[in-house]
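> The chain contents come next:
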Amino acid sequence: MISFLPKEEKFFVFLTQQAENVMKASAFFKAAIKDGVLDEAEVKKIRDLEHEGDTLAHEITDMLNRTFITPIDREDIYDLANSLDDVLDLLNAMAGRMKLYKLNPKDEHFAQFIDLIDQAAEALANAVRHMPDTKRQRRVLDYCIEVNRLENLGDTLREKAISHLFENEKDPITVIKWKEIYESAEGALDNCEHVTKLIESIMVKHG
Amino acid sequence: MISFLPKEEKFFVFLTQQAENVMKASAFFKAAIKDGVLDEAEVKKIRDLEHEGDTLAHEITDMLNRTFITPIDREDIYDLANSLDDVLDLLNAMAGRMKLYKLNPKDEHFAQFIDLIDQAAEALANAVRHMPDTKRQRRVLDYCIEVNRLENLGDTLREKAISHLFENEKDPITVIKWKEIYESAEGALDNCEHVTKLIESIMVKHG
Amino acid sequence: MISFLPKEEKFFVFLTQQAENVMKASAFFKAAIKDGVLDEAEVKKIRDLEHEGDTLAHEITDMLNRTFITPIDREDIYDLANSLDDVLDLLNAMAGRMKLYKLNPKDEHFAQFIDLIDQAAEALANAVRHMPDTKRQRRVLDYCIEVNRLENLGDTLREKAISHLFENEKDPITVIKWKEIYESAEGALDNCEHVTKLIESIMVKHG
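Which chain is which? The protein sequence lines are A, B and C, in order. According to our numbering, the first sequence is numbered sequentially starting from 161. According to our numbering, the second sequence is numbered sequentially starting from 161. According to our numbering, the third sequence is numbered sequentially starting from 161.
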């Protein structure tokens with residue numbers, strides 16, 4: 161059922177691991193803010209996951225440098241590893257800035273954003289996991305469509321959140337802070353969609 | 161005169177249609193704000209054009225998946241379709257946010273931005289339309305240069321608009337809103353320029 | 161020691177020149193603000209260097225259009241030339257906005273940012289210079305790692321600078337202005353890192 165040789169499967173194992181890292185970070189983030197607090201240890205845990213992502217991206221690059229034949233173009237594996245890492249970077253940046261800006265994670269719109277990102281990360285991990293399985297190409301596309309659906313919800317949520325912010329928050333500095341956080345959250349969903357575009361373009365090339 | 165086989169011409173027909181969609185949206189936007197109001201029906205019309213763009217981008221991807229030989233690299237057709245769609249996305253986002261932020265479209269700098277975007281969209285449509293014509297390659301480059309000229313004007317306009325805003329608007333929340341709109345407008349022009357870079361890089365590859 | 165034919169070496173000569181332009185602009189910027197003032201002539205000098213960068217990027221594109229065999233893929237040369245130019249664009253934008261926003265370049269965090277960008281530009285120029293030398297590939301990677309290290313310092317500096325800004329600056333309009341400048345500075349470092357990713361991906365392809 162799997163169409164690639166054992167050695168080359170390792171790339172998909174690594175890429176899947178990278179996608180699962182994103183999922184771990186978003187799931188952890190979601191659980192962490194449930195109690196309305198984001199403490200120093202929780203921010204650190206997200207930072208640690210982000211460092212694991214960096215390490216994994218470098219390992220994938222090293223493996224690319226040592227491998228002669230790759231299942232898909234080397235640049236595409238490289239792009240995929242780095243784009244997944246970009247999602248992780250934004251989650252980490254959001255956690256850090258919440259802390260830095262002394263913002264209260266109880267905010268309803270923020271919790272909804274983290275939930276959307278978490279769902280998108282899960283769909284992405286499923287898409288990447290099924291990529292090497294030539295009989296599941298339709299399913300891979302379905303996961304990509306699911307990510308696009310979540311990204312569209314993110315656009316609507318951003319509008320609602322910013323509109324609510326402008327109407328209810330009178331301190332301009334606080335407006336600036338939350339606006340940045342909401343835009344980073346929307347950016348994380350955009351990055352998830354970017355990963356699906358890479359997956360689709362790889363499938364277009366090999367289709 | 162046309163150097164590609166009938167079947168493959170379809171890609172250029174679709175890409176040209178995508179570019180014309182961008183042009184339709186910018187021309188409509190420009191006409192809509194002439195009376196100093198952007199009403200709900202007008203925002204919806206721009207949103208509809210943006211949805212058409214999404215549909216077209218997906219049709220192009222589907223066609224890529226079903227076509228064995230393409231006139232230019234599959235990834236390049238894919239990138240071109242999606243980058244044109246990005247311009248449309250930003251026009252749609254601008255219209256939606258004008259409404260959401262309750263901003264007055266009578267603003268002089270805003271009208272000048274929409275005018276620049278409209279001119280750039282027209283030049284882009286002309287560039288894409290002439291791409292398959294091997295005898296018109298010089299003309300394609302001229303349209304690209306015209307887009308770059310408009311993008312440079314956009315940079316200058318942004319400076320003027322933001323400088324005027326900082327000097328005349330005393331409410332920080334209103335400053336935040338208009339600054340975002342002006343930056344989106346400049347971003348739309350940047351995206352137009354990005355499309356010309358794709359066109360140029362395709363011509364470099366096939367040159 | 162050099163593995164490419166004379167004619168094709170020219171691309172690396174041009175790319176190195178482009179990287180050195182970035183270095184010149186950052187070094188000049190750093191020296192210019194030493195006295196705590198950024199005057200009109202200094203802003204103009206940075207703008208001139210940016211125009212030289214644009215011209216060089218176009219010359220590289222023209223040369224690509226006239227050359228049949230290139231040492232690395234044409235698109236990669238094209239991307240590299242344009243990404244180096246992006247760093248220059250941001251330096252120019254920062255200088256222009258400092259002036260436009262009437263900000264005082266005496267700001268400590270700003271000076272630290274310019275210093276980081278200057279170090280990154282120097283490492284980039286060294287990386288590009290050694291690319292054609294097949295015996296120095298390890299050294300090229302070391303310069304890339306150095307750029308990544310500086311980009312990480314930039315992330316930390318951004319946090320410090322924004323945190324300091326939010327705590328000490330009470331005028332929201334001034335907060336908006338400096339926040340944009342710091343984010344452009346961080347963006348310039350991100351662009352430097354992007355160039356290293358291009359270099360790494362070229363080395364992955366040819367590895």
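Be aware that one or more of the hints could be misleading.
Same chains, same names: a pair is fine if it fits in one copy or spans any two.
[Claimed, not checked] Cut-off 30 Å, straight-line C-alpha distance, at most; resulting in silico cross-link-like pairs (BS3-like, lysine-lysine):
#, residue 1, residue 2
1, K259, K205
2, K295, K205
3, K194, K170
4, K190, K365
5, K339, K365
6, K262, K205
7, K320, K170
8, K357, K330
9, K194, K259
10, K357, K262
11, K262, K170
12, K357, K184
13, K184, K320
14, K339, K262
15, K295, K266
16, K190, K330
Source of the hints: derived by calculation from the structure; they are not laboratory data.
> Next step is simple, just say for each hint if it's right about the structure.
Right, here's what the structure says about each hint:
1. K259 x K205: Within one copy only: 13 Å inside a chain, 40 Å across chains, cut-off 30 Å.
2. K295 x K205: Close neither inside one copy (37 Å) nor across copies (41 Å); limit 30 Å.
3. K194 x K170: Neither: 36 Å inside a copy, 52 Å across copies.
4. K190 x K365: neither (36 Å within a copy, 39 Å between copies)
5. K339 x K365: neither (38 Å within a copy, 40 Å between copies)
6. K262 x K205: within (18 Å within a copy, 41 Å between copies)
7. K320 x K170: neither (43 Å within a copy, 40 Å between copies)
8. K357 x K330: neither (39 Å within a copy, 42 Å between copies)
9. K194 x K259: For K194 and K259, the Cα distance is within 30 Å only inside one copy (16 Å; across copies 33 Å).
10. K357 x K262: neither (35 Å within a copy, 34 Å between copies)
11. K262 x K170: neither (42 Å within a copy, 53 Å between copies)
12. K357 x K184: both (22 Å within a copy, 26 Å between copies)
13. K184 x K320: both (27 Å within a copy, 28 Å between copies)
14. K339 x K262: both (14 Å within a copy, 17 Å between copies)
15. K295 x K266: For K295 and K266, the Cα distance exceeds 30 Å both inside one copy (44 Å) and across copies (56 Å).
16. K190 x K330: within (28 Å within a copy, 33 Å between copies)
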